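K.L.:
As you go down the protein sequences, you meet chains H and P in turn. Under the numbering used here, the residue at position 159 of the first sequence is numbered 159, and the numbers go up by one with no gaps. Under the numbering used here, the residue at position 239 of the second sequence is numbered 239, and the numbers go up by one with no gaps.
Note that these hints are calculated values from the structure, not bench results. Keep in mind that a hint or two might mislead.
Said to hold, decoys possible - 16 Å max Cα-Cα, derived EDC-like pairs, lysine to aspartate or glutamate: (1) H:LYS204 with P:GLU131; (2) H:LYS180 with P:GLU340; (3) P:LYS27 with P:ASP88; (4) H:LYS5 with H:GLU149; (5) P:LYS21 with P:GLU207; (6) H:LYS211 with P:GLU131; (7) H:LYS180 with P:ASP338; (8) H:LYS5 with H:GLU119; (9) H:LYS196 with P:GLU138; (10) H:LYS417 with H:ASP392; (11) H:LYS180 with P:GLU297; (12) H:LYS196 with H:ASP376; (13) H:LYS443 with H:GLU428; (14) H:LYS155 with H:ASP80; (15) H:LYS79 with H:ASP157; (16) H:LYS443 with H:GLU324; (17) P:LYS336 with H:GLU130; (18) P:LYS21 with P:ASP46; (19) P:LYS323 with H:ASP135; (20) H:LYS207 with P:GLU131.
None of these values were measured; they are calculated from a predicted model.
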Amino acid sequence: MSTPKADAIERIVEAFEMASALPEDMDLESPEMKALIEMMPESRRNTFLAMAKDPDVRKMSAVFNRCLGIYWRKLLSAKDEGKKVVFVPFNFAPEIFHALDMIPVCVEVLTTMALTLEEGIEPYLDLSVERGLPDTMCSAQRAVIGLFETGLLEKPDLLVNGALGSCDPNSKAFEYMAEKFNIPVLYLDIPFYHDKRALDYYAKGYKNIVKAIQEMTGAKLDVDRLREVVENTNRASELFFEINELKRNVPNPVPNYYNMHHTGMKLTMVGTPDAVEYYQTALDVSKDRFKRGKSVLPEERIRLLFLYTGYYFDNSIYSWFQEEMGVSYVMDVLTAFDFNPLIDTSSVDSMLYGLAEEMLNLPMTRQLKGGWDMPDNWLSDMLYYARTYKADCGVFTGHTACKQAWGVYRLVADELKRQLGIPSLRLEGDGWDSRITPMSVIKDQFEEFFATLL
Amino acid sequence: MSALETLAEVSATRLNSFVSKWKSQGKKVVGYVCTYLPEEILYAADILPYRITGKGAADTSLADSYLTRVNCTFSRCCLELAFSGQYDFLDGATFVNGCDHIRRAFDNWRSHQKALPFMYILPVPHLLSPEALVWYKEEVVKFKEAIEGHFGTTVDPQKLKEAVSTYNESRKLLRRLYDLQAGTEPPLKGSEVITVLSAGTAMPKGEFNTLLRKLLEEAGTRKRVPDKKTRLLVAGSVLDDAEFIENVEGLGALVVTDALCFGTRSFWDLTDETGDAFDALVNRYFNHVPCPRMAGEYPRRMAFLKEQAARAHVDGAILEHIKFCDLHGTDNALLKRDLEKAGIATLELERQYGPLADAGRLRTRIQAFLERIRR
Numbered sequence: 001m002s003t004p005k006a007d008a009i010e011r012i013v014e015a016f017e018m019a020s021a022l023p024e025d026m027d028l029e030s031p032e033m034k035a036l037i038e039m040m041p042e043s044r045r046n047t048f049l050a051m052a053k054d055p056d057v058r059k060m061s062a063v064f065n066r067c068l069g070i071y072w073r074k075l076l077s078a079k080d081e082g083k084k085v086v087f088v089p090f091n092f093a094p095e096i097f098h099a100l101d102m103i104p105v106c107v108e109v110l111t112t113m114a115l116t117l118e119e120g121i122e123p124y125l126d127l128s129v130e131r132g133l134p135d136t137m138c139s140a141q142r143a144v145i146g147l148f149e150t151g152l153l154e155k156p157d158l159l160v161n162g163a164l165g166s167c168d169p170n171s172k173a174f175e176y177m178a179e180k181f182n183i184p185v186l187y188l189d190i191p192f193y194h195d196k197r198a199l200d201y202y203a204k205g206y207k208n209i210v211k212a213i214q215e216m217t218g219a220k221l222d223v224d225r226l227r228e229v230v231e232n233t234n235r236a237s238e239l240f241f242e243i244n245e246l247k248r249n250v251p252n253p254v255p256n257y258y259n260m261h262h263t264g265m266k267l268t269m270v271g272t273p274d275a276v277e278y279y280q281t282a283l284d285v286s287k288d289r290f291k292r293g294k295s296v297l298p299e300e301r302i303r304l305l306f307l308y309t310g311y312y313f314d315n316s317i318y319s320w321f322q323e324e325m326g327v328s329y330v331m332d333v334l335t336a337f338d339f340n341p342l343i344d345t346s347s348v349d350s351m352l353y354g355l356a357e358e359m360l361n362l363p364m365t366r367q368l369k370g371g372w373d374m375p376d377n378w379l380s381d382m383l384y385y386a387r388t389y390k391a392d393c394g395v396f397t398g399h400t401a402c403k404q405a406w407g408v409y410r411l412v413a414d415e416l417k418r419q420l421g422i423p424s425l426r427l428e429g430d431g432w433d434s435r436i437t438p439m440s441v442i443k444d445q446f447e448e449f450f451a452t453l454l
Numbered sequence: 001m002s003a004l005e006t007l008a009e010v011s012a013t014r015l016n017s018f019v020s021k022w023k024s025q026g027k028k029v030v031g032y033v034c035t036y037l038p039e040e041i042l043y044a045a046d047i048l049p050y051r052i053t054g055k056g057a058a059d060t061s062l063a064d065s066y067l068t069r070v071n072c073t074f075s076r077c078c079l080e081l082a083f084s085g086q087y088d089f090l091d092g093a094t095f096v097n098g099c100d101h102i103r104r105a106f107d108n109w110r111s112h113q114k115a116l117p118f119m120y121i122l123p124v125p126h127l128l129s130p131e132a133l134v135w136y137k138e139e140v141v142k143f144k145e146a147i148e149g150h151f152g153t154t155v156d157p158q159k160l161k162e163a164v165s166t167y168n169e170s171r172k173l174l175r176r177l178y179d180l181q182a183g184t185e186p187p188l189k190g191s192e193v194i195t196v197l198s199a200g201t202a203m204p205k206g207e208f209n210t211l212l213r214k215l216l217e218e219a220g221t222r223k224r225v226p227d228k229k230t231r232l233l234v235a236g237s238v239l240d241d242a243e244f245i246e247n248v249e250g251l252g253a254l255v256v257t258d259a260l261c262f263g264t265r266s267f268w269d270l271t272d273e274t275g276d277a278f279d280a281l282v283n284r285y286f287n288h289v290p291c292p293r294m295a296g297e298y299p300r301r302m303a304f305l306k307e308q309a310a311r312a313h314v315d316g317a318i319l320e321h322i323k324f325c326d327l328h329g330t331d332n333a334l335l336k337r338d339l340e341k342a343g344i345a346t347l348e349l350e351r352q353y354g355p356l357a358d359a360g361r362l363r364t365r366i367q368a369f370l371e372r373i374r375r
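Next comes chain P alone, as it looks inside the complex (with noise of 0.2 Å):
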């Protein structure tokens, strides 16, 4: 089987093989949802962090009735998933407020019957200050000495300084990853992208760095993607659906690069691994490529946008966003007007996530952006 068979296998399932292996040496899972969660202290002390989405739920039946038709498509999916047993095998959920749809989807699940054992939010500043930096850090202390009360395991600085190095190689793969998606004729689709990074973040690191390899090893020997494709980036909301990626290929496009909190957003940034591993950490995530949650950063995030298609050649960009994501949303509409300032064509998109997808729409109006911006 090749690493990308491999990746796509757990991208698919759940409870992959790799969690199941986890969890028959009697080791913990614990599910997360943001890219503001510092999983290294997870992995240190010997626990799994497994990321939550809500992929695969066939409807929100149940979520729906807890949270509304205002609240995102995304949280409602992660939702009915964790209100139908689907997330039973986790021993825990750590989120973050991380925006208003979320933070309430954890409220809810945590009073629900459904609850897990341990069930954990990390308060992030919304604002990159000096004071927000020492409040996160003394949260991410709690944090840390909530996994350790209640799991009865230590986070050992030795081991911390071992995930923080794992975690990095990981980061530096999907870099020599992205550069060669960056190059003409690139190995992958952007579908097989998005599904390498699900994949990621479903198993443990230091066997996903193996598979990487292995995929960056096997890239070389692949029929490459013919480079006559619309080269395209894609920005927005939550998106790990390898489908909406492939109806977007399916139309003559190419996804060569991101600024999604699946993809570079979530990796971009290493951790300085020169000095105190836990200061590192607290200061890596919290200053690393911000979403829109964190106020008067749109400047950084548009240099990053920039930075990314520029780096990739791109044709254009879709910002897309899931209904009601007020954080995406508003910032798609001002990356809209600065991209195209830029020279970069841009369709903005509203979406649904999971079961309710408007396919047929979607493909419409990307035909007609590609038809405008086609080389």
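Just chain H, same shape as in the assembly (with noise of 0.2 Å):
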């Protein structure tokens, strides 16, 4: 592939700098902003209208797409500041770097990120297994892979791996990258089981990372300054379960698209003030809906439960479901935080073993760790979200890479029938790589299950 491009992360600051400068009144039908979206490439231009059609969410974008602009624009500086950069994956919480003073990447977002690229992550993807890679490994971190390939993504001082036992592609991605681009890597097991001998052998593996990390990069931990991390965390978590209690109503005022956000904000950001300001404006927005009694257009006729992950190349969809179809996209499993702690802030061996308990609850590391029917795991949590959020179906999104989800969906789905009657869809896709199912051929099938439901 040619490589004349910039570095990837300033031009991603440059789309979320640029996104979150437009004015909140502004009009799309304009002959200027109809221009700018026309010069847009199709999965920035669907997202961007995704953010920006309906005016209370795009309220909720401003905010969002500020506070990450700022976040990446702090990686830029990370080198000249003297800051450690860190990857992680989807379920590493980011809080004990933001205490250290490093700055966290999520893998996983940043792969999304990167979708707004002009080029797209398709030849990053490609180049990943041009040198190597299997094509089988996910999408999610292959991206990041074919970037750091070509030089155009700068490589972190650090990886931290939290993944394993719940996901082989993820754990073994961050071990390809450790030994393919020579950068340190710590790594945290999880246990198969979730109790109390699970958790206490969970956070003894997660503070001798954080002894690890301090070691390996000089970092201190600071007790005030964890403990106004935390404290923030809880803000958070406190702003999100009421995002929650509100969406359990029929209709749902919660936008669809605040999914998307919220995944983006717990994994990167919470334990910030940019988070709980997040938080705090999308429960406004929402509450302010509630009160006018806005919903899903035309009306909500269908709650959609997704029994996995969403789709992050072209989210076109979670308009089209808002705007168009009358589908509340209640829930899926990278938003279903509703056990996460209330962290003890009292010592600093309460707030690791805090943090500890928090990602033992992180979406996959929970429902994915050990059999599909043990208590807290897939099947447990699913019938709870059906449930509290009312859903009417299942869609499992059928990403390529997650074969550990693949072996157990149809007991899943087969479950969720029996006990609550709720049907299921199965879709083949990928969440990152358009070319494996195209957009239109998802609404499709969406549109076809729908109607076999209505």
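Each of the two chains sits in its own frame; use the hints to bring them together as a complex.
P.N.:
So this is what it looks like as structure tokens:
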């Protein structure tokens, strides 16, 4: 592939700053806006419109984009400011790095952000395979590996992986990055069970990691700074719990696109005041919509539970659900934080234990580490979320790399049907690679499925 | 009948004569799938450990309605045999959370009407740390108690010591066989060695050892395989298929060693017989040549491969992985880079397990590789 491009992070920052600079009262129908939108690559255009069409979503998106723009910009100046950068997967909470004054980058979020690059992520997905990685590995990490290969993405100072036991491709991708690009790496093992013994084991491993990070980077954990971060986390949790309460209403007033923001925030910025600001805005918007009786259009016909992840390569699907299909997207595994603990801030020990508990309940770690029908695992969570948020149906998006989910999807779907009478749709596609199943085909399949429900 | 013929028969027959004899004595047979399961515990309880594989599955139509096309063909073939009643002779099955595919095969089997009376999963950590060793030991204790509870038996410490000794004997004999294979003009073809290894997982170890000793005696009188063949190492995903090796060897190569979980990775390390047998067993299984599931252990796997390659004087290595096996597929990409750097010609091969095996394509690729490296 030709690689005349500029640094990937610089271009991501540019996209977010541009998006957040747009006025809240912009007229999408004005000739200037139309021309601007026309210039965007398709996936970026669809995502932009998903965030901008609805004024309520736009309000939330403005805060989200501004905060994320600032966050990514920090990454650009990290080296000059002597800050260490660490890459983590989606199941390693970012708070500890905020407390250590390091910059955590969630690889899956970075891949999602890289979708805004004008060339897309496909060339990087392909390059990672050309250079040796199996094409059955997860696109969420392959894009970052491809970016490393081109040199358009600077290597981090450290890799920390916490996916051992819940996702083989994820943990292998980190080992590959470490070996191939010579980056120091730390691993956190996930126990098979979800009980006190498992949490103690996991928390011990987590504390070892925190110690090792300090030894490797020279960073020092300050109790007051850690408390500040954890208090921000607790505040953010209280806010998104309130948002979840609103989601239980029929019709659901929370905009569909909140789910995308929520995942992005929780995996990168939770622990910062910016995340609190975002969740406060999202709550205010949702409360206001509740008061106004506003939900999806033309009316809420279907409450949809994604049994696993959503789609990230083209977010138009969420505004399509909201603006045209009357489908309320109540929950997916990556937004399922109802079991997130409020952390005891009385000591360093209690905070680290609390952060470990938070991580053991992170998406996928919680649901995919053990047997499908064990307590606090995939089936029990899906039954809980379907009941709590009054879902009418389930959809498994069938992300290609998730062999551990594919392997028991049928068992979970059969039980949902048997216990709650909820039908499920199984799709095949890739969360980040549009070439596996294009969005137009995905929408057709959704439409057919919805027709059987109405 | 020669020892090799007897072992070949055992390898080719799921419910072989040794298993039938064992069962006719009223004794139990428990299946297992992974090298992280301390078999000696079963053996000491007078239960026959029997390695579950997918060998002989004619198709995967039953399994495919639960596991899907993105799940590897090994796990699907195993499940197919289970669902179609081919493993009904087992009294139980013990899995390990070895990889995403096989643990889901277990989930599906356990939830199916064909579930065996005893279905157990032994969770093994993915990290070699002191805390993980403690966790693993606790799990092995739980496993032992589950066996004792379900089968109404006890694992006597003296019998465990004897089992450790019997298993070590087996490993030592296999190392002797591999030493012979490492020399010039090895006595067996690689496909025959795989057959021996496969048989060893499907019969009592004591009787296997007797046959192995006989095989080693017979090896001295066998017509040797000529040295002009290209000597290869095979490593990668689970492989118990003699036909695959036969195909490779049919093209003018000789597989003289491996780094497979049916091969050296399962028997290279011995259990310490000087101290407490249970602790020694836990240590041995936890720390044996690591599978790619063990994070951060790539350098050790690489060193083991290099050691095997040097010991057996190979001309090249085939790194195979079953499609969708991300653990081996990813490791193989790194191993290829590092083996080639070390001057060992390497072929990376994606394949299918079992009835879907695409022999023609594989043959073409192997042939091209052999032409590149032929002495």
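K.L.:
Now look at each hint and say whether the structure bears it out.
P.N.:
Verification of the hints:
Between the alpha carbons of LYS204 (chain H) and GLU131 (chain P) the distance comes to roughly 8 Å, so the proposed pair stays at or under 16 Å and holds. For the hint pairing LYS180 (chain H) with GLU340 (chain P), the CA-to-CA distance comes to about 14 Å; that is within 16 Å, so the pair holds. Proximity of LYS27 (chain P) to ASP88 (chain P) is assessed by CA-CA distance (about 15 Å); at most 16 Å being required, the pair is judged to hold. Straight-line distance between C-alpha atoms of LYS5 (chain H) and GLU149 (chain H) comes to about 13 Å, which keeps the hinted pair within the 16 Å bound.
For the hint linking LYS21 (chain P) to GLU207 (chain P), the alpha-carbon distance of about 12 Å falls within 16 Å, and the restraint holds. A threshold of 16 Å between alpha carbons decides the hint, and for LYS211 (chain H) with GLU131 (chain P) the separation of about 15 Å falls inside it, so the pair holds. With a C-alpha separation of about 10 Å, the suggested pairing of LYS180 (chain H) with ASP338 (chain P) holds against the 16 Å cut-off. For the hint pairing LYS5 (chain H) with GLU119 (chain H), the CA-to-CA distance comes to about 9 Å; that is within 16 Å, so the pair holds.
Simply put, LYS196 (chain H) and GLU138 (chain P) have alpha-carbon atoms about 14 Å apart, close enough for the 16 Å limit, and the pair holds. As the CA atoms of LYS417 (chain H) and ASP392 (chain H) are separated by approximately 11 Å, the hinted pair is consistent with the 16 Å bound. Simply put, LYS180 (chain H) and GLU297 (chain P) have alpha-carbon atoms about 14 Å apart, close enough for the 16 Å limit, and the pair holds. This hinted pair checks out: LYS196 (chain H) and ASP376 (chain H) have alpha carbons roughly 12 Å apart, not beyond 16 Å.
As the CA atoms of LYS443 (chain H) and GLU428 (chain H) are separated by approximately 12 Å, the hinted pair is consistent with the 16 Å bound. Among the hinted pairs, LYS155 (chain H) with ASP80 (chain H) is consistent with the structure: their alpha-carbon atoms are about 15 Å apart, no more than 16 Å. Only pairs whose Cα atoms come within 16 Å are accepted, and LYS79 (chain H) paired with ASP157 (chain H) is accepted, the gap being roughly 10 Å. Only pairs whose Cα atoms come within 16 Å are accepted, and LYS443 (chain H) paired with GLU324 (chain H) is accepted, the gap being roughly 12 Å.
As the CA atoms of LYS336 (chain P) and GLU130 (chain H) are separated by approximately 14 Å, the hinted pair is consistent with the 16 Å bound. Between the alpha carbons of LYS21 (chain P) and ASP46 (chain P) the distance comes to roughly 13 Å, so the proposed pair stays at or under 16 Å and holds. For the hint pairing LYS323 (chain P) with ASP135 (chain H), the CA-to-CA distance comes to about 10 Å; that is within 16 Å, so the pair holds. Pair hint LYS207 (chain H) plus GLU131 (chain P) holds up; C-alpha atoms about 12 Å apart against a cutoff of 16 Å.
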